[in-house]
Every structure is written in structure tokens, then in C-alpha cells.
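Visitor: Go ahead and model the full structure; you've got the sequences and the hints to work with.
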Amino acid sequence: MKKLSLKGRDWKSILSQNKPVIVLLILIVAMSIMNDRFLTWSNALTVLRQTSINAVIATGLTFAILIGGIDLSVGSVLAICGAVSAKMVASGMNIFLVILLTLMLGLGMGMVNGLFISKGRLQPFIATLGTMTLLRGFTLVYTQGKPISIFGSETSAVYSKIGTGYFLGIPIPVYIMLFVFVIAYYILRHMKIGRYTYALGSNEEATMYSGIKTDNVKIFVYGISGFLSALAGIIVTSRLGSAQPTAGSGYELDAIAAVVIGGTSMAGGIGTIFGTAIGALIIGILNNALNLLQVSSYYQGVAKGIVILIAVLLDRKQRTSR
Amino acid sequence: MKKMKKALVLLLVLLLTVSIFGCGGNGDEGDNGDNGDGNGEDTAKKIGLVVSTLNNPFFVDLRDGAQAKATELGAELIILDSQDDAATELSNVEDLITQGVDLIMINPTDSDAVGSAVAAANGAGIPVVTLDRSANSGEVEAHIASDNVAGGKMAGDFIVAQLGGTGKVVELEGIPGASAARERGEGFNSALEGTEIEVVAKQTANFDRAEGLSVMENILQAQAEIDAVFAHNDEMALGALEAIKASGREILVVGFDATEDAVTSVQAGEMAATVQQLPKEIGGMGVDTAMKILAGESVDEYIPVELQLVTE
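Going down the list, the sequences are from chains A and B. In terms of our numbering, the first sequence opens at residue 1 and continues consecutively. In terms of our numbering, the second sequence opens at residue 1001 and continues consecutively.
Calculated from the structure, these hints are not laboratory results. Predicted model, so just to flag it, every value in this text is computed and none were measured. Treat the hints loosely; a few may be bogus.
In silico DMTMM-like pairs for lysine to aspartate or glutamate, Cα to Cα no more than 20 Å straight-line [as the list claims (entries may be wrong)]: (1) A:Lys146 <-> B:Glu1250; (2) A:Lys304 <-> B:Glu1186; (3) B:Lys1202 <-> B:Glu1250; (4) B:Lys1046 <-> B:Asp1084; (5) A:Lys146 <-> B:Glu1183; (6) B:Lys1045 <-> A:Asp36; (7) B:Lys1046 <-> A:Asp36; (8) B:Lys1245 <-> B:Asp1208; (9) A:Lys146 <-> B:Asp1208; (10) B:Lys1168 <-> B:Asp1227; (11) A:Lys146 <-> B:Glu1186.
Guide: Quick look at the structure:
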């Protein structure tokens, strides 16, 4: 039984992985033809670095969407965690402590989302809409509406390396992104909790009756989403050298787009981290490409919207035709 | 396989759309510049303009002013929109560096956060000019902006004169911490110093019209006597005006920015005055200054753009 369903998932994921990859390749080829500066090493690094923030958030969201949920609070978690970490950095706290505390804060806030959804029986959309608004408000209160600079202590220089530094010629955020992908892939593919995540999204009741503590799975999943949002908050804050009270507004939309373009079903149960990685790259390249092609910003939204719709339509076609 | 084919067709349609937008976006000015390479000299200068947001008429005017000047001087202008997000702003500057522009004009979303973007341009050896909002770090060749403190003082002086030096006023503040809000407030309050005018309420309405309305409604409830309102921008002033009209009270309203709605309102005798910034001038002056820098001329670090009070 188990073996069969695993096999089925492989087949499905191979099919749903294919299309995003094709979209990505066509995008790259077309862009290389249309703009000679696109396919350069430095632009590739730029795109990867720009993508890293959305990719990290989208990875967390993949978990939430895989169980048939959603996390709208990612942008607000990013903002409050960024602000808290900036204040800790400015106060000269040890860098490892800053990172640890920030990530724990994000994890905690994510788990609170999970508690609302599991124990509180709230709709994920409503619960995270609530925390999204609440945490944005907290951020404004905490920062008093002003950006918090990370400079002014010994920790600052190290902290700012997280977002701006290079290792072997490749930006550090790119390593972080790859690391997050690998860990998330491992969790989903090779750990029990990963299988539970898929099971919960496919059929919640059956999962519950088979003795799995679904509440714990939910708390874990939203915890991951909060944790990764906090990580993205560290990257953003470090890149900008300051925490913005409005940071991350609307980031949930790009992240959801990345997950969905990557072939993850909003109904849950189907999807992969690989797909999300490709989805995030598509969004990142699209943002970069529209700028390089000097598309007026008014049209950029139109173009992005069309890509998202086409990607979802393709996905839907594939599902219904099966 | 059939499905694959369908997917490919859809994708080609998509690419076509993108490339059509690409050409449409360029419009008429993009193409004439680059082809000049064959003649040796006469290569048009490529200037990047990163605007904080193009959802606000003020910055649209700024862009239009810059575009008009660039066309006049024969420069190629690449315009990118940061959508009020500092991270997008940084990406935009990186994308401009990739395109190899000669100079980048930034209208920052935030004076602190723009530091990384300026540093990126500095690192690539591309000179930077800031427009309207300044950058708190990094190397900037010139900063071009309206003198917000002078504008706030202009509004304050006007209210002082209208009220004959005594009365009660309300100050509707912009987004807390935004430099425009700080500076306009500073100028306004400096004008009130030494007069009998008292600020009875001072609250933020985040530069937003709807908030201006509700905040003013609350203040009207709380304050029995109000002679004048100074709002840090016209949107809030117009919102406040609606609240005042509904209450039936006679209160002088002064705004800032001289948006089309506000000027119409002043002409109709509803708002008393608005301080006019000249965003087109800021944009135009930006390109002007950029060209001077690229020609090797020296320019002032701060170039103030004049303001004017619109009262009729």
C-alpha cells in the first residue's frame, strides 16, 4: 500500500516537475536572445541572490500548501524578525545568539499559527490573515515606524556579510538558499514527518484515523514556515543594512506564486521542493528580465500575472486530463 | 506528448506577450541611442532612474520631467519602479548595473535602506544622484530635492498671517519617521514659534486620504475650537476637508504637494492653500545634473528645487 502510493507520487511529481523546467528553460533561452547582458555570470549571480529571499519563504510555504493550508503571515514574520534581529545586532549581541534567537522567534510565531489552526480549528487563511495583520502592527509599534539600522556595533560587520558577502565568488544568500532546499527536500522525502505532510494534504481524516497526530504535524509545518520567514528576514535586513517596518509587504504573493508555478497543488498533497525552487527561479528571472528588457513597471504586473495564470492553467489541464 | 505541445504553444504565446510589452515599454526614445556606436563618438549616455513608486502622481510627474529632459538632451533613460519596497529597489539598481548604465539616479524608498543600493553602484564605479529623498550612507554625487523645511515654514507663515497670529491649529502628520513628514513638521512648527498659535492636536494620518478623514473626524469630536489645519500632504488635507465639511465648521485647511485635486479645491475656495513642489523640476534637474557629472563638470552636493504656495 505504502509502496504503491510512493510510486504514484514519483510518477506524478516527474510529470508536474517537467513543465516548470520547460518554462524556465524557454525563459532563459528567450532572454539570452533578447538581451545580451542577461546570460552573464554576474547577472546569473544577481538573479540567484535576488531570488534567494523569495525562495526561502516559498520553501516554508510549500510545507503549508502541501498540507492544504496557507501561510499569509510570512511577510509580517519576516518584518518583525528582521526588526528584532537588527536591534540585537545594533546592541552588539553575539552574532550566533542573534541568529539563533531570531530563528527561534520565527519558529515560535509559526508554531502559534499552527496552534490556532490545529487546536483552535481556525481556517489557515483566516488564522494567518489575523497574525499577518497583528504582526505587521507589532512591527510598527516595535520600530515606531522607523527603520532600524544594523550598524554601530562589532556584530554589524559580520551580520551584514550574511546578505552581502561572498564565498568562493558566490553570494552567501545563494548558499543559504541551496542549503534550505536540500534540508527541506530531505525532510519531505526521507523523514517520517515529510510523509505525514503529504498524507495530511491528501486526506486529513484518513491520516488522523491511521494514528498520526495531525495537530502536531500542522504545528510543525507552520513552525517551519515561520522559521524560514525569519531566515529570509535576516537575509533582507542584512542586505539592506537596516530593518524596514514595511519590509516583506506582499512577499507572500510572490512566494505563493513560486510554489504554485512549481506545480504544488493548492489543494494539498501534491508538490515538491524541486518544483518550488524552479518556481522561485522563474519569478526571479522574470523580475530581472522585465527590468533588463525595460518593460514599463505598469506592464510588469500584467506580464507576471499572465505567467502565473498560464502556469496554473497548465497544471490544471494536466490534472483534469488524467 | 500532445500535452507537451499544448504547453509549448502556450509558452510561445506568453513569450510573445512579454516581448511585445518589452518593445512597447521602450517607446520612441530607446532605440535611437545605441546604434550610434559605428560613428565613434555621439554615443548617447545611458542614465538609470529608480523611482520609489509609480503609483503616486508625484513620482509619475518626477519621471515625466526626467524623461522630457533626457529626450531634450539626447540621453537614454531607463526607468525602474521600486514599488515602495527597499529590497526591490536594490534589485533594480543591480539590474541597472548589469545593463551598464553610465549613471544611476535614485529616488529612494527609504534614506537608510538605500545605502546598500548606493554601495552597489559605488562598487561598480557608477556615479549616483539622489532625487527627492536623500541617502544616509554611500557616496552620492548630488542630491536634488525640494526644500521641505522651507515649504513647511511657508505653510506655517501663511496660517500665522491668516489667523492674525493667534488661534488653535491641528497638524496632520505623514508617515512617522519619513523625512518629508519630519522636515515639513519642523518647518511648520518653526513658523509658529513666538506666535500665540497653539497646536491643539498632532496626529499621523500616514499621508492617506481615508485616514485623514477619520483622524480629522476624531479630532473634531475632541476639540471644540479649531481655526486651521496643516496637513503634511494634500491627500490628508483633502480627507480632513471632507470631515470638516460634514461637521459644518469653518476651518482653514492648508496642504502640501499641490496635487491636481488640491489645486482644484483651492480654486473652488475650499482648501485655503497648498505648498507646491515641482516634481517635474526635480526630475529635469536630476537629468541636467547627471549630464553635467558625465561631462566631467563639478556640481553642488545639494541642489534645492524651489517651492511655491498656491492660494488661488
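Visitor: Hint by hint, where does the structure go against what was stated? Just the numbers, ascending.
Guide: 1, 2, 4
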